[in-house]
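Student: Okay, here's what each chain looks like letter by letter:
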Amino acid sequence: MTASYPYLQRLWKPGILLVAILFSLPIFTIASFIIHPTNEVWQHLLDTVLSEYLVNSALLMLGVGIGTLVIGVGCAWLTSVCIFPGKRFFAWALLLPLAFPAYIIAYTYTGMFDYAGPVQTWIRDTTGWGLHDYFFPEVRSLGGAVTMFSLVLYPYVYLLSRAAFLEQSVCVLEVSRTLGCSVWSSFYRVALPLARPAIVAGLSLALMETLADYGAVSYFGLGVFTTGIFRTWFGLGDGTAAAKLAAILLVFVFVLVVIERWSRKQSRYHHTSNRYSALPQYRLDGYHAGLAFCACFIPLLLGFLLPAYQLALWAFETYEHMIDISFVKLTLHSITLALSAAVLAVVLALFLAYGKRLFSSNAVATSIRVVATGYAIPGTVVAVGVIIPFAWIDNSLDTIMREHFGYSSGLLLSGSLFAVMFAYMVRFLSVSIQSVESGLTKIKLSMDDAARSLAYTPIEILMKVHLPLMKGTVLTAFLIVFVDVMKELPATLILRPFNFNTLAVRAFELASDERLADSSTAALMIVVVGLVPVVLLSHSIAASRVGS
Amino acid sequence: MTSHLEVEKLDAGYEDLQVLNQVSFTLQPGEIGCMLGPSGCGKTTVLRAIAGFEPAWRGRILIDDVEVSSRKIYLPPEKRNIGMVFQDFALFPHLRVEDNVRFGLKSLSRKEQQTRIQEMLAIVGMPAYAQAYPHQLSGGQQQRIALARALAPRPRILLLDEPFSNLDVELREQLAREVRSILKQENKTAILVTHDQNEAFAMADQICVMNEGSILQQGSGYDLYHRPANRFVADFIGQGVIIPATVESSMRVKTALGVIEGNNKIDAEPGAIVDVLIRPDDVIHDDESTDSAIVVEKAFRGADFLYFLRMDSGIEVMCLAPSHHNHKINERIGIRLNVDHLVTFSRN
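One line per chain: the protein sequences are E and Y, in this order. Residue numbering for the first sequence follows the numbering used here, starting at 2 and increasing by one per position. Residue numbering for the second sequence follows the numbering used here, starting at 34 and increasing by one per position.
With the rest of the complex left out, here is chain E (with noise of 0.2 Å):
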């Protein structure tokens, strides 16, 4: 390949490592606040709160662990061998959860679990109990943070175990059943070490959504990392106390980064055949069949019927004074903000991806899965990362334009909408990528050589093979980009210039005055996006139906 276009390779593969350097930038800024001195706030975070941070982290990433493992393994069992009523619907409906922000989520059920909410008020009336007069959880706790992650989270764990359970050979299923392993011996013995590695992919990604949320924590009022960053960086106005918390922030993704990606390469040697054919499949009777039932009803009814019935019913209830000039204007920004970010995102992905596929080199490669790390690093962590070298090069500008023209620059990078879209490159480009060179490979090289010797330029091969081929994932990576700007927080919250709003930072100032019912037409408009890629996964999941 590389014959045919040496002068296009002298300026593209340069251009890749400049894209992987530039929006790879923030993490390694953050990166090497690790060895930077400390600092009286430091010392003063390590004497009060660091301790706390770590506890409620370990905490959290220990129960919605748990939470995620038990909900996502059981219900893709379920769905993928057994066979009870609902079951087809179940195998897509149980992803609905994940079109819910953590954030939205947890005020929802504050809303409605609280002493003034809808709950409790029944539960007075009909019993004519006063304040103390009877035990219900507290909502807003370090276990109720549990239940929330878990309840939005158990679909990774779901997605990708139902995955490899579908794609486990009914020949070893088999093969354990002649060795005298029942149904559910041969679940623990065989089918569930095999999709090990699958799991561990899925929890990994559900712990790194758990450590980068900042509005359900902050608004639970749990002392994690991303709040005491928040809280240092706003409260104490100390940048690089804050950055140093965003560098063991860091590290602890790191760490499931690494976990993560080894799992995956794991899962590939756990491929037992290349031939599949329908799994087996357990009728299952009445009792256990109501069982199974309820078990992955469960999920979705806490997961998204109920909070989508309580939001629904708060925006019925306030859409009247709520969707007025200024929130046209908010849901312009935010959509302002998520298509440009979209396009920017799928364009650059093209770039790299193409570079890859042309020039492949290790350098090339090496910038790209740098690049690609960035859907694992927390949204503050990337706002800070992006601010510190921001404003060094705006001070720095600022100087010298005052030094030699006696004019102030001011700011010009942070703070600007410049900043935000940047941030976003960095968190999101990640996902572009990856769906893009996923519909990349199945062109195969081959394709381009035989259009050449069919008479096509490169030009025309890319308008009549690629451009049809590609159409799908392109759409497709667009989407998730879109989405995912759409729900964002933290980032936008750090880094929007001065007050410039989104749906999310709306829905989340109002939740956090305690305005809940006010908050939720935001907050449903971000739902109802958020169920595109939903929709589009489910397609996804009934097009690749095993044996079919």
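The set of hints was computed from the structure by calculation and includes no laboratory data. These numbers were taken from a predicted model, which means no experiment stands behind them. Think of the CB as a built atom: it goes at the ideal place given N, C-alpha and C, for glycine as much as any other residue. Certain hints may be false.
Here are the simulated DSS-like cross-link-like pairs (lysine-lysine), alpha carbons at most 30 Å apart as the crow flies [unchecked claim]:
no.	chain 1	residue 1	chain 2	residue 2
1	E	Lys-445	Y	Lys-139
2	Y	Lys-221	Y	Lys-42
3	Y	Lys-298	Y	Lys-287
4	E	Lys-465	Y	Lys-287
5	E	Lys-445	Y	Lys-112
6	E	Lys-443	Y	Lys-112
7	E	Lys-14	Y	Lys-112
8	E	Lys-14	Y	Lys-105
9	E	Lys-357	Y	Lys-105
10	E	Lys-445	Y	Lys-221
Far from chain Y, by Cβ distances over 12 Å, these chain E residues were calculated [stated by the list, open to error]:
no.	residue
11	Asp-115
12	Pro-119
13	Asp-239
14	Leu-412
15	Ala-456
16	Val-529
Which stretches of chain E does chain Y cover? Using the computed rule of at least three CB atoms under 8 Å from a CB of chain Y, they are [claimed, not checked]:
no.	segment
17	240-249
18	307-319
Given chain E, work out where chain Y should sit, using these hints.
Tutor: Relative to chain E, chain Y alone:
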């Protein structure tokens, strides 16, 4: 008439790695050539260089006496009018069968395209599949469509890169014979790349045996089998053993199985020790013979048995016997030599 395709002292490779080393061969119009060799020997690189996917580092490639690749000239693949069939077929998944075949016919009018498509689908025996999508076809059917697509624009030369390796064994030889008859019918010059000698024998007029980037011998399948130029070719093509022999005269050697006379001059002095190639069909099972050997192992192959025998001197040979001669392992059977082609290699 000069040759149709001429490859002259070609060096080529990828990035910093030189793969081909002084590759030269020629093909006449309508001839089917074959690059045969183990994987990694550079045979596919030869094909890609002819197609124009890889440039020539040194040497040159001429088609109809016109240079298409050399150090100075590089004609891109789309301007060469060379058809290619790929190992993975490389059909376009988003196009129907007829549109895959139409892909290379963009210079024709719609009506001419339609005629040519019908014609090509008829030739490959799949006229009923015009509306199908590639994923609805079996591997063998996809291969036929790939062939139809490559032949449709009437290429000057057709290149086939391991075209049958993705297919079932039973299908391979059948399809190889079919493809050969299609190519002969169209009088198409073609080059096949394969690591499977049976495919090469079934398809090709001229076979180039390659190893480590060089052509070791060019000839017909018969020549390569019976007159291998060196040990690698002798070993790679067909089965056989190499046994020691003493040179008696310029055309005679003496082995443990008796004297062998050849019709080529041996490149060694009388009295010298050389190695002689003994094919399984050179050893005849003969109960009357004074020489005998013990059956060590045997393989039933339908029409015949392939026996692995050990003689009293410890020398092991193979023997091809008709399948009604069913002998047990460890049984002693009579054998004699019947060598039509004496192949000797000097010992270094």
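Student: Find the hints from earlier in the document that the structure breaks and name them by number, from lowest to highest.
Tutor: Violated: hints 4, 15, 17, 18.
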